[in-house]
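Modelling step: build the complete structure from the supplied sequences, incorporating the hints.
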Amino acid sequence: MALDFAAGCIGGAAGVLVGHPFDTVKVRLQVQNVDRPLYRGTYHCFQSIIRQESMTGLYKGIGSPMMGLTFINAIVFGVQGNAMRKLGRDTPLNQFLAGASAGTIQCVICCPMELAKTRMQLQGTGEKKSKRKLYKNSLDCLVRIYKKEGIRGINRGMVTTLMREMPGFGVYFLAWDSWTRYLGCEPEDPYMIVKLLFAGGMSGIASWISTYPVDVIKSRLQADGVGGVNQYSGIMDCVRQSLKKEGWRVFTRGLTSTLLRAFPVNATTFATVTLFLMYMREGQECSIVDSEQQPVPLQPQTQPTSM
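Read in order, the letters of the sequence shown correspond to residues 1 to 307 in UniProt numbering.
Don't take each hint at face value.
[To be verified] DSS-like, lysine-lysine: derived pairs with alpha carbons at most 30 Å apart:
1. Lys136 - Lys148
2. Lys147 - Lys136
3. Lys133 - Lys147
4. Lys133 - Lys148
[Said to hold, decoys possible] Simulated restraints on C-beta separations:
5. Gln52 - Arg181: 42 to 50 Å
6. Asn137 - Val34: 29 to 37 Å
7. Val194 - Val143: 41 to 49 Å
Simulated from the structure, these hints should not be mistaken for laboratory data.
Given the structure is predicted, the values throughout are model-derived calculations rather than measurements.
Cβ coordinates follow ideal geometry from the N, Cα and C atoms, glycine included.
Next comes the structure, spelled out in structure tokens:
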């Protein structure tokens, strides 16, 4: 259990470092004003942030996901591992159910973490050096929100987070299981690392595509009120206003940067966790065995969680 926890932290941290710039671009594109857009697309957004705010602008809000990694991975690993043991057989349906269970439980940490991340990413938009910072860091952001709005405030977007994470993590673990089986990821395979990277990257892409429209609504609700005025009264109001102003394409805004981020992040995360566990458990069996004792190639007891 301790090795799974350590592997998840290392793999998750690697994934955050690789993918956070893409996440910043995704959030900026999702919440920008359609009447006065700052960015024309993914590349222009990247270019503008670097020019106006320097490279550090792409890493705004990184403290929040880094801060939450330990707790999120501990929750996900424990729930997913226990769920698979309770379900018994290692089947595609059970992989989905175990992943969905893990995704549901970790929302307790994920929602406040992403709220702080979103607020930090939007702070000082277009400014190389912010003239007035509302939040000093991610923790200060959460403290200020709590003082002003209480528990309800720091859990803003919880319902949409649940709507995203429950099916998203189910698809995530199912895709990882399917790809590793299909590719035949065996320890003695000379192309094992390449296969792990590919399987992890494709799993992340599948997960994001399955729930992306919900993520757009979540980002808008969590960003709402930053300027002191709340634009949306709830989920359905946000959906209605977004559709009325921008049409159905609003639900794909920022998708390009998300998919560009999803592949390297999840490739890095899955490969790092699997290789770490293989190294630390050298000489031991590194597979989940179902009730009929059929080994599953390269299936560590738990998988990484950074999407």
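Structure-based check of all given hints:
Of the supplied pair hints, the one linking Lys136 and Lys148 holds, its CA atoms being roughly 16 Å apart against a limit of 30 Å. In summary, the hint linking Lys147 to Lys136 is supported, as the alpha carbons are separated by about 15 Å, within the 30 Å threshold. This hinted pair checks out: Lys133 and Lys147 have alpha carbons roughly 17 Å apart, not beyond 30 Å. The straight-line distance between the Cα atoms of Lys133 and Lys148 is roughly 17 Å, inside the 30 Å bound, and the hint therefore holds.
Our hint of 42 to 50 Å for Gln52 and Arg181 holds, since their Cβ atoms are close to 46 Å apart. The hint said 29 to 37 Å for the Cβ distance between Asn137 and Val34, and at roughly 30 Å that hint holds. A beta carbon spacing of about 44 Å between Val194 and Val143 agrees with the range 41 to 49 Å that was offered as a hint.
Every hint from the earlier list agrees with this structure, and none is contradicted.
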